[in-house]
Amino acid sequence: MFLSEAATGGPQFFYLAPWIVIFPAIGLLINLIFGSRFSEKVIGAIASTASGLAFGVAVLLGVSLVGHPEGEIVSLIDWITIGALQVRWAFQVDTLSVVMMLVVSGVGTLIHIYSIGYMHEDVRHNGDPGRYRRFFIYLNLFIAMMMILVGSNNYMMLFVGWEGVGLCSYLLIGFWYDKGKDGIGNALAAKKAFIVNRVGDFGFLLAAFTMFWAFRTFDFQEVFAKAPEVAAAAPGMILAITLFMLLGVTGKSAQLPLYVWLPDAMAGPTPVSALIHAATMVTAGVYLVARSAELYVLVPQAQMWVSLVGGITALFAATIAVAQFDIKKVLAYSTISQLGFMVAAVGMGAFAAGMFHLVTHAFFKALLFLSAGSVIQGVERGEHHVDHDAKLHKLLKGSGHHFDPQDMRNMGGLRSRMKTTFVVYLIGALALAGIVPLAGFWSKDEILAEASLLNPTVYWLLTIAAFFTAFYMGRQIIMVFFGKPRSAPAEYAQESPPVMTVPLMVLAALSVLGGALNLPGMHTFTGWLEHTLTFIHPGEFNLVVAGVSTGLALLAIILAWLLYSRRYQALQALPTAKRPDDPLRPILGPIFTLLENKYKVDEIYDALIVKPYAALSAFLADVIDWKFWHDWFHDKIIAGGFQLLTRVLSVQVDLGFIDAIGNALGKGTRAVAGRMSLLQSGYVRSYMLSVVVGLVLIVGFLLLR
Amino acid sequence: MLPATYYVGLSAILFIIGVVGVITRRNAIIIFMSIELMLNSANLAFVAFARVHEAMSGQVFVFFVLAVAAAEVAVGLALMVSIFHTKHSIDVDNISSLKG
Chain A
1 MFLSEAATGG PQFFYLAPWI VIFPAIGLLI NLIFGSRFSE KVIGAIASTA SGLAFGVAVL
61 LGVSLVGHPE GEIVSLIDWI TIGALQVRWA FQVDTLSVVM MLVVSGVGTL IHIYSIGYMH
121 EDVRHNGDPG RYRRFFIYLN LFIAMMMILV GSNNYMMLFV GWEGVGLCSY LLIGFWYDKG
181 KDGIGNALAA KKAFIVNRVG DFGFLLAAFT MFWAFRTFDF QEVFAKAPEV AAAAPGMILA
241 ITLFMLLGVT GKSAQLPLYV WLPDAMAGPT PVSALIHAAT MVTAGVYLVA RSAELYVLVP
301 QAQMWVSLVG GITALFAATI AVAQFDIKKV LAYSTISQLG FMVAAVGMGA FAAGMFHLVT
361 HAFFKALLFL SAGSVIQGVE RGEHHVDHDA KLHKLLKGSG HHFDPQDMRN MGGLRSRMKT
421 TFVVYLIGAL ALAGIVPLAG FWSKDEILAE ASLLNPTVYW LLTIAAFFTA FYMGRQIIMV
481 FFGKPRSAPA EYAQESPPVM TVPLMVLAAL SVLGGALNLP GMHTFTGWLE HTLTFIHPGE
541 FNLVVAGVST GLALLAIILA WLLYSRRYQA LQALPTAKRP DDPLRPILGP IFTLLENKYK
601 VDEIYDALIV KPYAALSAFL ADVIDWKFWH DWFHDKIIAG GFQLLTRVLS VQVDLGFIDA
661 IGNALGKGTR AVAGRMSLLQ SGYVRSYMLS VVVGLVLIVG FLLLR
Chain B
706 MLPATYYVGL SAILFIIGVV GVITRRNAII IFMSIELMLN SANLAFVAFA RVHEAMSGQV
766 FVFFVLAVAA AEVAVGLALM VSIFHTKHSI DVDNISSLKG
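First to last, the protein sequences are chains A and B.
Under this note's numbering, think of the first position of the first sequence as 1, with each following residue one higher.
Under this note's numbering, think of the first position of the second sequence as 706, with each following residue one higher.
For reference, chain B alone in the conformation it holds in the complex:
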């Protein structure tokens, strides 16, 4: 069995990739995907630690996160569609009408 460090390391790498994706990309869809990546990296860490500590709570948390992520995607994609209707683009840099 692989040591937990590997899982945590993978989780960290995935998280970094997600963060970089959110910061650098302008396409809202890709930002979403990056956010999902970060959530799933967290899930991976949860599962790994659950395994190490032989506790179910980490696993339960993962299901919870999955459910919230799904809801989030549903809302987020609905927003995307609605933004696309008005702006004909989902470039986040274009959505800046609230700037000071």
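Same shape as in the complex, but just chain A:
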């Protein structure tokens, strides 16, 4: 509160900060409680409004920060108070968190609106319109959780959001849980995402525990204030925290070695892929590193590891994307690769560049995913058309195999059939490829320029990755939109309704103009973040770096054009059986197959981790638990021992000792009584005699005493 008094002026709406969580929560509650009575339009409108209001609040917070760039902590309630430990629900409103809030709620709102149209068809295509409402409830829950994550002022509250978005991710990947391979594929993908993320969360928890050990607090301010002191006393502590945190980042932000869940996460509906698995949730790891910047700058070793992980992931995933045929899988690997760029950037200390790329990537990758969704539904509409046209249906019946509307080999020539989608897709692809002057160029170039100064190894990794990026995007554009349709559904593909294309156009505009946020020489965005991350510096624009990367990107696009347009047409002359499905396949040979199989990483993990783990659990269950604990320890030792003990107690102790005492007493009494009873002869005279004798004895005793 004292901060605001020292403020320089301008309107302040910091007190509104909790509403970024409350608005989506209200939206989801309305849809949860009353949604069953609403029509689809009303449900979609409520959810979009809730998200839009959160965006409005984020804008107001941003406006307030212009006048008061130091920000404010808006405390809501106390959460945990144990001794000296105090954890609050408090919102950290500063330039870094508000950037995330704007991206999450802004892109989120556009995706909500897009989903109104997309899910309308999707629920019908998958045959369960009842799930329409559920989808929007999950989306609003996601926005609320993401806001908790980016808005928190301590690591504990951040962890709540961290887990919350993981839950939403799980729910939405498994949205069509009864669909997919063998009717269980989507559920398995959701499970995989959840479990792999759990490994990362384990790292986050270890980081939190270590942090508590070292700092005795979770508050950002207090941790950062104490960090230099702790670093001086115990440098290993900070290193441990940052490296454990890196494990959490690799899980959530899909980096090596925990990236494997993200490609499978494409099982979710496409808006989910756009919102959660491209634009926002997966950037949480990048945000976490940027947020913990003051810890990372203290340990160069950790920075080196983070940037190396990011760099290798960027290249690794970009090469896989080259050989994928599923339109969404290409984008998924592209996302992993671009996240690698961001992680590498924040890892090497280029926090502004990383966050800048996060923002522009959110624009163009959300755009690409949503356009891909539009393409898929366009092809599905074409398929629908073919199915209901008797003549065409008969003609195509011979092919027989199941039609996959996401396979790019079934597409082609969509340029003239889906004009709007084509234009926005092209914008997104060029932005991703890093072509001047689209958003991706400026942000990617800033990362590359910083890398060339800070970490040459990573610079080369990223530059090669950028080449592949341009190549696979060129390949995708050509396969999907150019040439002739390769299947009947593609030939009859239809454009999507305006409710879907309008958000696409907005995102396309953002992808074009997003670079203006941080143009070289102006550094608006860097200046904005400088209020929070005081030690960052504006990256120098490097003409050589920019020239090299743009040249490589253009080269890659030309290469893609030669291969997938020229060479593809040349290959059409071959008979169908000999014709390769990808012109690159005969050139690269086994390497292409290896790339197509994603370096067999899933198989390696399966063999190295999943199988031994399953074998270990089977061993633990069958041998250790059942045979050892149950059969041997429980049955033999415990139960057997108890039975032995009871037998000893009942036979030896009870029968042999305690009962024996009782019996002996009884017998003795009977024996004594038997003797005594002889005295009772029944002759009164003898009794009398004893009386007299007794009397004589007593009297004699008295007399003679």
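Just so you know, these hints were derived from the structure itself, not from any lab.
Accuracy of the hints is not assured; some may be wrong.
[Said to hold, decoys possible] Reference excerpt, derived from the structure (chain A facing chain B, CB under 7 Å, subset only):
1) 417
2) 682
3) 683
4) 688
5) 691
6) 692
7) 696
[Claimed, not checked] Estimated spans, in silico, between C-beta atoms of each pair:
8) B:783 / A:651: 24 to 34 Å
9) A:687 / B:775: 23 to 33 Å
10) A:695 / B:780: 22 to 32 Å
11) B:775 / A:695: 39 to 49 Å
12) A:654 / B:790: 51 to 61 Å
13) A:687 / B:780: 36 to 46 Å
14) A:662 / B:775: 49 to 59 Å
15) B:768 / A:671: 23 to 33 Å
16) A:695 / B:768: 20 to 30 Å
17) B:713 / A:669: 29 to 39 Å
All C-beta atoms in this analysis are idealised placements derived from N, C-alpha and C, irrespective of residue type, glycine included.
For this one, chain A is given, so just place chain B on it according to the hints.
For chain B alone, coordinates are given in the frame of chain A:
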């Protein structure tokens, strides 16, 4: 007046006769009579000592004993009659069903 010793001696003799009677005889009636003899020997001793000590309490005691003896005889003879009804004998040696 005869000295008290005589009375006490007579009392002792009577008592001995009573005891011997109770021990030796089997007829319940005679046992009763012997018991009466013992009681009366005691009475005689009481009266003699009362006379010697010139105290009335001994005399009073005798009346008390007489009353109790009368009650005892009443109960005892009733028992005899009842035993005779069942056993057709009042030989005490026959009444031994309670022996151990």
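Quick rundown of the hints versus the structure:
Annotation: interface hint on residue 417 (chain A) violated; nearest CB of chain B at approximately 124 Å, more than 7 Å. Nearest Cβ of chain B to the Cβ of residue 682 (chain A): about 2 Å, under the 7 Å cut. The hint holds. For residue 683 (chain A), the interface hint holds, since its Cβ comes within 7 Å of a Cβ in chain B; the closest pair sits about 6 Å apart. Proximity of residue 688 (chain A) to chain B holds as hinted, the smallest CB-CB distance being about 5 Å (cut-off 7 Å).
Interface restraint check: residue 691 (chain A) against chain B, minimum CB-CB distance 9 Å, threshold 7 Å, status violated. Taking 7 Å as the C-beta contact cut-off toward chain B, the hint placing residue 692 (chain A) at the interface holds, the least distance being around 6 Å. Of the supplied interface hints, the one on residue 696 (chain A) is violated, with its beta-carbon coming no nearer than about 10 Å to a beta-carbon of chain B, more than 7 Å. The hinted range of 24 to 34 Å is not satisfied by residue 783 (chain B) and residue 651 (chain A), whose Cβ atoms lie roughly 59 Å apart.
In this structure the hint that residue 687 (chain A) and residue 775 (chain B) lie 23 to 33 Å apart at CB holds, the actual value being about 24 Å. Checking the proposed 22 to 32 Å range against residue 695 (chain A) and residue 780 (chain B) shows it holds: the Cβ atoms sit about 23 Å from each other. Distance hint check for residue 775 (chain B) and residue 695 (chain A): the Cβ-Cβ separation is about 24 Å, which falls outside the suggested range of 39 to 49 Å. At roughly 54 Å, the beta-carbon separation of residue 654 (chain A) and residue 790 (chain B) lies within the given 51 to 61 Å, and the hint holds.
The hinted range of 36 to 46 Å is not satisfied by residue 687 (chain A) and residue 780 (chain B), whose Cβ atoms lie roughly 18 Å apart. For residue 662 (chain A) paired with residue 775 (chain B), a C-beta distance near 52 Å keeps the hint of 49 to 59 Å intact. Between residue 768 (chain B) and residue 671 (chain A), the C-beta spacing of about 50 Å breaks the proposed range 23 to 33 Å. Between residue 695 (chain A) and residue 768 (chain B) the beta carbons are some 25 Å apart, a value that agrees with the proposed interval 20 to 30 Å.
Range check, residue 713 (chain B) to residue 669 (chain A): about 47 Å between beta-carbon atoms, so the 29 to 39 Å window is missed.
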